[in-house]
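Here are the chains, one letter per residue:
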Amino acid sequence: MKKYLQVALGILTAIGGFVDIGDLVTNAQVGARFGLSLVWATLLGTVGICVFAEMSGRVAAVSGRATFDLVRERLGPRFGLTNLVASMLVTFLTFIAEIGGVALSLELVASVQEVLIAPLIALLVWLVLWRAKFNIIENAFGLMGLALIVFAVALWQLGPDWGGLVHQAATLAKPHDELWSTYAYYAVALFGAAMTPYEVFFFSSGGVEERWTDEDIGVMRANVFIGFPLGALLSVSIAGVAWVLLGPLGVSVDDLGQVGLPIAVALGKIGVAVAIVGFVAATFGAACETGLSVGYSISQYIGAQWGKYVRPPQAMFFHVVVALATLVAAGVLVTGVDPIMVTELSVVFSAVALPLTYFPILVVANDPDYMGEHTNGRVANGLGVVTLVFVLIAAVAAIPLLIWTGMGR
Amino acid sequence: MSRIPLVVAVLSVGILLTACEPNSPERPEWRDDAYYAVSGTSSAVATATLVVQQLTDGRLQRNYARAALIAAEDDAGKQSSSFSAMQPAPVDTARYHEVTSVLSDAGDVLADVRIAVVRDHSASYPSLLKQLAQQTKALDKVESDLGGLRGKP
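Chains as they are written, first to last, in our numbering: chain A, 1 to 409; chain B, 1 to 153.
Chain A on its own, in the form it takes in the complex (with noise of 0.2 Å):
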């Protein structure tokens, strides 16, 4: 029975903590101008992500070490050092854009400009990462991320022309004022969104946290397999409600407030109150999991002692890499940067960024010194490769694409 419970809690936070900031922005910003016609590209990533995110755990269970503790061994330095650098300042970028998400959520609550917030979350998150159990905040703020729901029965309750939207979805058609560029940019972005390093950087930390061993791997699996998907389905009805109702009416999302207008239309201020709760404990989550993953991963790359599996003294060269990030986001913050530009460029750079993040975890999860009997098979490294493939196009096209179409205008 306990083992059942463990599977059901793991899928919800994996549905709950699924969406971020990325995925809120860029998901009603792609529904409203183009439906669902680019929903194969978040399956794409989502394919993506758990195959990837599946390897992570299982070299996490199996070795006992997070997958980027064994790059540097495995690769060597230099590839190492690569890999930590691109993979780093993405992860920040995001931790920034989540800190931002937060403030930008609950100005909707408190109607306080999110500059004024954005010092207050930051210290917030610091004394979560500082005091509160990893399990805590993994479970608590997924489970609330479930709120985002609210979006799936918002997208049933306004009562859209269903047909319509899975002929857009099966058929890719681009609505015709819109250019093939910028239809090839929001899907590299929504793929980046739905590929974000950290997601990784934190599974496989967050296995060694646990202390998995080979017999969760199939708890672990449940997870990915069941949990990502249908979290994934919450980011495909944010773009759907999107497209029913800010789509004909002409608006273009530049705000967190736009993609909450159509929860009022459908369901009433108790749907905008728990989709708020979502909001928040979406990029809350994110940016406790994001922050907790720049410790991770430099503390890592050094071989210093790290994690929330240890006491903070004998972990402190990883809270000091914590609380140094966080003090970072908060000044950049104040500085008056629109958060929603800095998610735009946190997926698009999250692209550019994928094949040295994904590359080391397939060459690793390949290693039989590590793995032992869990080495990758036929089918892992067969979908490992097909996605590869798909990373290093949307690394190549991200920069292309961001310049020549004015980020998507």
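Careful, some of the hints might be misleading.
Taking lysine-lysine pairs in the BS3-like style, the calculated list, with each CA pair at most 30 Å apart, reads [claimed, not checked]:
(1) K78/B <-> K137/B
(2) K174/A <-> K78/B
(3) K130/B <-> K78/B
(4) K130/B <-> K174/A
(5) K141/B <-> K78/B
(6) K133/A <-> K2/A
(7) K174/A <-> K137/B
(8) K269/A <-> K130/B
(9) K141/B <-> K130/B
(10) K133/A <-> K3/A
Under 7 Å between C-beta atoms, here's a sample of chain A residues computed to sit facing chain B [what the hints assert, rightly or not]:
(11) E107
(12) L108
(13) V109
(14) S111
(15) V115
(16) A152
(17) R221
(18) G250
(19) S252
(20) D254
(21) D255
(22) G257
(23) Q258
(24) A264
(25) K269
(26) M407
Bear in mind the hints are in silico, worked out from the structure with no lab data behind them.
Even for Gly, the Cβ is constructed at its ideal location relative to N, Cα and C.
Given the coordinates of chain A, work out where chain B should sit on it, guided by the hints.
For chain B alone, coordinates are given in the frame of chain A:
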């Protein structure tokens, strides 16, 4: 005397003079920028309309509405100021005035809407919705005209 200081001085003056020039894109790019400024403002007006409608129907919290309206007004302001800073070709002067005028009118109405909502002056919502509808119509017309010119030399 070395020529280096002279070259540096000439280059510095050149850079300064260039920096004083307003951004003067080619005609097609200028039209594209005009189109995007109008469609961005149109999106802000549509957002404000939706917000006021939901407030009137009691389906949206006032703080949420206030935050969404401030963001919409801010966005429209950015569109207007970035477009008006660009130098049009002489042949586009009339269109420049038409676009800046419609952007400015929309910005004024968005400010009125924000003021009314912050003051909780719900009696004025019906007339503000009418004004927003007029702005939508005006913006749609200019957007449609500019859309027809996109891609032409």
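Here is how each hint holds up against the structure:
Restraint check: the Cα-Cα separation between K78/B and K137/B comes to about 21 Å, which is no more than 30 Å; the hinted pair holds. Our distance criterion of 30 Å between C-alpha atoms is met by K174/A and K78/B, whose separation comes to about 28 Å. About 24 Å separates the Cα atoms of K130/B and K78/B, which keeps this hinted pair within 30 Å; it holds. Note on K130/B and K174/A: the hinted pairing is violated, with a Cα-Cα distance of about 33 Å set against a maximum of 30 Å.
The straight-line distance between the Cα atoms of K141/B and K78/B is roughly 21 Å, inside the 30 Å bound, and the hint therefore holds. The suggested pairing of K133/A with K2/A holds, with an alpha-carbon distance near 20 Å, which does not exceed 30 Å. A C-alpha spacing of about 26 Å is found between K174/A and K137/B, which places the hinted pair at or below 30 Å, so the restraint holds. This hinted pair checks out: K269/A and K130/B have alpha carbons roughly 24 Å apart, not beyond 30 Å.
Between K141/B and K130/B the CA atoms are separated by roughly 17 Å; this keeps the pair inside 30 Å, and the hint holds. Proximity of K133/A to K3/A is assessed by CA-CA distance (about 21 Å); at most 30 Å being required, the pair is judged to hold. For E107/A, the suggested interface contact is upheld, since its CB lies about 5 Å from the closest CB of chain B, less than 7 Å. Below 7 Å, beta-carbon pairs count as interface contacts, and L108/A has one with chain B at about 5 Å; its hint therefore holds.
Among the interface hints, the one on V109/A holds; its C-beta lies about 6 Å from the nearest C-beta in chain B, closer than the 7 Å criterion. Given hint, S111/A at the interface with chain B, holds; its Cβ is 4 Å from that chain's nearest Cβ, closer than 7 Å. A distance limit of 7 Å between C-beta atoms decides the matter here; for V115/A the minimum to chain B is near 12 Å, and the interface restraint is violated. Given the 7 Å rule on beta carbons, the hint for A152/A is violated: about 19 Å separates it from the nearest Cβ of chain B.
Hint status for R221/A: violated, given a least beta-carbon distance of 40 Å to chain B, over 7 Å. The beta carbon of G250/A is positioned within 7 Å of a beta carbon in chain B (closest approach about 5 Å), and the interface hint is therefore held. A hinted interface residue such as S252/A counts as satisfied when its beta carbon comes closer than 7 Å to some beta carbon of chain B; here the least separation is about 4 Å, so the hint holds. Among the interface hints, the one on D254/A holds; its C-beta lies about 5 Å from the nearest C-beta in chain B, closer than the 7 Å criterion.
Interface restraint check: D255/A against chain B, minimum CB-CB distance 4 Å, threshold 7 Å, status holds. Among the interface hints, the one on G257/A holds; its C-beta lies about 3 Å from the nearest C-beta in chain B, closer than the 7 Å criterion. For Q258/A, the interface hint holds, since its Cβ comes within 7 Å of a Cβ in chain B; the closest pair sits about 6 Å apart. Checking A264/A against chain B: minimum C-beta separation of about 4 Å stays under 7 Å; hint holds.
The closest approach between the C-beta of K269/A and any C-beta of chain B is roughly 6 Å, which is under the 7 Å cut-off, so the hint is satisfied. Checking M407/A against chain B: minimum C-beta separation of about 11 Å lies over 7 Å; hint violated.
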